[in-house]
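Chains A and B, in that order, give the protein sequences.
Read in our numbering, the first sequence has 146 at position 146, and its numbers run on one by one without any break.
Read in our numbering, the second sequence has 408 at position 408, and its numbers run on one by one without any break.
Please note: incorrect hints may appear among the correct ones.
What the hints assert, rightly or not - DSS-like, lysine-lysine: derived pairs with alpha carbons at most 25 Å apart:
#1 B:K38 to A:K146
#2 B:K265 to A:K48
#3 B:K442 to B:K649
It is worth saying that the hints were derived from the structure and are not from the lab.
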Amino acid sequence: MKNFINPFLTCICVLIFSFNTYAQNAHFPEYGNIVYEKTVFTKNILRKQISYMSDNDVFMKPYYENMYRTTAETAIYPASLSFRNQETYFEFKEKAQTSDVKNLESMLYIHTLQSVYQNFETNKSVSEVNHRFLEGIIEDELIEVKWKITDEYRNIAGFDCRRANGVMLDSIYVVAFYTDQIPLSGGPAQFHGLPGMILGVAVPDLNYTIYATQVTISPATIKSELGTRRTTRQTRELLFKSMESTLRNLDPTNRLEFIGRTFL
Amino acid sequence: MKRNLFLVLLTLLSCQLFAQTKIEGNVRDAADQKPLEKATAMLVQAKDSVLLNFTRSDKNGKFLLETDYKEEVIIFVSYPKFAAYTQKFSANVNQSNLEIDLTSIGQILEEVVITGRLPITIKGDTVEYSASNFQTDANAKAEDLFKELPGITVDENGQITAQGKQVQKVLVDGEEFFGNDPVLVSRTLRADMIDKVQVYESKSDMADRTGVDDGVRQQTINVTLKDNAKKGAFGSVTAGGGQGANSPNYYSGKAMLNRFNDTQKIGAFFLASNTGEIGLNFIEENKYGIGGGATTLVMEDGGIFITSIGDQFSYWDGRGNPKSISTGISFNDIINKNKQKINGNYSFGKIENLKIENTITQNTLPNGELNSVNDSRNHSEALRNRVSLNYENNIDSLTSLRMSVYFNKTNSSGMTSNEEFTRNGNFDLINQNSREQLNDSKQEDGNININITRKLQKPGRSLSAVLTGSINSRNNDAFLKSNTQIFNNLGDSTILIDQFKDESSKATSLRGQVTYTEPITKELNSSFSYTWANNENISKSYAYNSDGQNYTQLDEEYSNDFNYLSTKNSLNANLNYKIQKVTILLNNEFSNDRIYQKNNFNNLDNERNFFNYNPSVRFSYAISRNQSFSFNVAKRTTLPSLTQIQPLKNNTNPLQLVIGNEALKPSNSLNYSLNYTRSNPAKNSFFYIFSSMNQNFNSIQLNRIIDPETGITTSMYENISNKNGLSLNASAMSDFQLIKKWNLFAGAGLNYNYQNNYNFINGELNNFQSNSFNPSFGLGTRNIKNLTSRANFNITFQNMKNSLQSQLNNDAVNYNGSFYLAYTFPLDIQIISTLDYTVQEPTEVFQEKFEKLTWHPEINKSFLKDKSLKLSFKVNDAFNQNKGFVRRNSGNLITQNTYNTISRYYMLRMTWDFTTIKGN
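So here's chain A without its partners, still in its complex pose:
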């Protein structure tokens, strides 16, 4: 009898033990690469812009309405994020877009951020911007975010993520899903500030989402110096000041979106 029970018990012990080992040694990667995909809801952006226009605007309104009819529902932008210790480097990958989407880009309805370096130790953010008012680098502190933690969960790219709702740049509402399994309070673009890596972001005001599609634990190269020595460098405040006269002429919702598209 003893002989019989012993292997059985050992089996259970091994099972429990192995389970526990697995659990206790949950892997918390210190470095790695994440593939993201930004989805921009182009048609909804146009629809919103058209609704802001007055019926008397006979120059731009027909132009936008025409574009609304021909443009695709969404535009996809592939991006990647490398993270190591307390630093991340995010950049958009090149992808051919349709002419309508290129138009929206040139009209600044689609992101102008090209790449972002974030350092959570020194609270530093360096981002490359391609904007009508600045084609260069913004060097500043990390953008402050006020987060609220919720009880909603979602699995993104194989990681269990918790939802948090945040407010950035005074009043832009963002939704983020972060995983506590990557112990770095970073995220794509300028998003950060949660107790783990942000794998999904949605900004309803700006009609876009960024979701991770793949996380690989592989050596990461972080680019902390963006641009060249000759590139123009500014703080957010300075850029904000140069946009002042344009912003003054926009209505409040449009103004908020313009600021959001510039910085997020």
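With chain A held as given, fit chain B onto it using these hints.
Using the frame of chain A, we list chain B on its own:
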């Protein structure tokens, strides 16, 4: 060092002072009591879950969390694959040694709840509810609507269950919507904004993105919103009347209406005036959806292309006193979810005008000059009916079809009388002509254009076809009575003409083009197109002399019967190389044109073939977003036109004869252009330089043989083969904010033009050279409430030389200044002032200084709450100085043309704008 230590102490102390809450804990696995490293511990505000602070446990499972928040907090401790730990702490707690044991998720049994299922299916896997079929309160939210829908339940926390499964995603128009409030979409969206609610199981995000189905399904609700559907009408009615200096009464009336229902629009307008307002302007046309005049086209590269047809029924050229009536109706609709767009128009127009003109011409000859004076009086009436139809269909995401058709029927009649005298350099009268002509013509013209584009599988690969057909037929009956007297040494002579002319012409054309685009690499794109075009012209003109009572005798010399046919085959190969900021475009056009003409009177025919190769290169460099540079070289070929090869012999003016030239060859030109633009939106400024140069080879020029004795001019088109023409144009313009505080903007521009042409006068080569230099300045205010103002000033210096009479000085100086001001006073009273001053300094030929100052003051007041009623009083040309006046120089001809136009009148006008818009 001491100082540093002090700082550290101070920091520690201040931490102690400000940290109101401090929690120290220890995280362990409940199963084996071993410490868990890197567990997440975070503090949130108890009342609203705002994240206060977070940390990770160390090797021993220990963590420390602090916050200076002064109210209740909640601590969350989590570890992957373990159930989270939550505890609420009262304000200002100082907890140490908080023992936290986490339990592995594997040990927690999930509870499954099954709720009832309602069998409703509509489309395949999707259950669709039409929101309008469910009753909700006026201010109901989407959640209230969901509660009404069978099969959907909503619990107190806002959690939605559809068909028994918990809804994991709520989309709005396909986009994941999180609302502006941390609650769900269901609590933020207004129910009356919703068109449809669709419930279906979507594939997981992962499967959506990768295309690999992982079998995971998520219960999803998609809410489609109503389009900004509106119902209503808007319009405007204007009526005005007044008195003028020359014509006793002036009037102007306009009514416009646009009715819309969802995507459907019906527009109508009526206009009657004798003030020169003939058609609707561009803004009105678009606002009321009445097309016809202008079309807006969006180009591939994002540019906007606005084309407008400026015919006599849409705008007045400033000559005479026109009296017009026009009316029209249009229909616009977008059907099938934006896939099809249709626009139909009908318009009617009638214009009556009386033009009285005086033209002085100086004709430079190799030895001397001729001066002529022509007085003419023209009374005309024209009437047109027009229908047009535009149709667009985006058949699927890859194929689109665009079609436009129009048809015009125009009847016009007129009477023209002319008196012309020509004198030589000694002011001796050498000829005199007086003629009278009556015309009655009917014209029908139509055009159809079909454009199909199909994108193929590979991005950038596409196939498109364009088919264009047009027809234009015209019948004209004319009576010509002319008396010409020629005085010269050999004896005076008289030419008398009394003829009836029966003219008819018919032109049909058909053109087809196929284009294929193919991306070769990411940077290199190519496109190939083949064009075939066929034009056929039949032109008949019979002149009959009077036998005293009837016009029966055919005048063969001035009768023509021609057929003219041209066929074009061309191939276009195009390469586009784009790398980062540089774009290079290479274009090669090979074309073969066949021209065939037949004279049906003598059965003689003539066929010509021209083969041409026209390459062009364009290089552009986008230095930055706001700065760009481009350079362009293109070769162009211009074929001789029908009238140049075989002009129909015409005796309308026996003193001006034109002879065709069958030997004409195509002319070539090389065009170079260089452009640079720069803008600075932050400083509200921009700057550009446009420059271009044209070299003309073999150019087709009008050579003249002018009989100095009789003044009869015989003109003939010929190629100038040994001398190349040249033209140069350069302009620079800068616009900037002058004084930021006053929103004052300034602009300065510079224009330079140089022309160098050759032609033959009486067999001698004449070289015409002109230089014109035109600086301009402007000042204006922008973005100031109640005030709009701008002032412009420009000078033109012109210098011209004809080699045949190089001693003649034709230098001219013109000035123009204008000032516009509109200011709104309290009580909605507005004044508008438009001032324009033009001076043309005397020249050696025209020794009279021309000067006019026109001022149009207006005062108006708006009434009613929405300012929809406006009463205005306007004086047109208050100083009564408006005159029609043009001085023109071309080759060896200098002309001065004066004509009657509308000058001083005052008008009282009432405008009422109305709108009735009902919401969704």
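Hint check results:
no.: 1; hint: B:K38 to A:K146; result: 23 Å, holds
no.: 2; hint: B:K265 to A:K48; result: 21 Å, holds
no.: 3; hint: B:K442 to B:K649; result: 22 Å, holds
The structure shown violates none of the earlier numbered hints.
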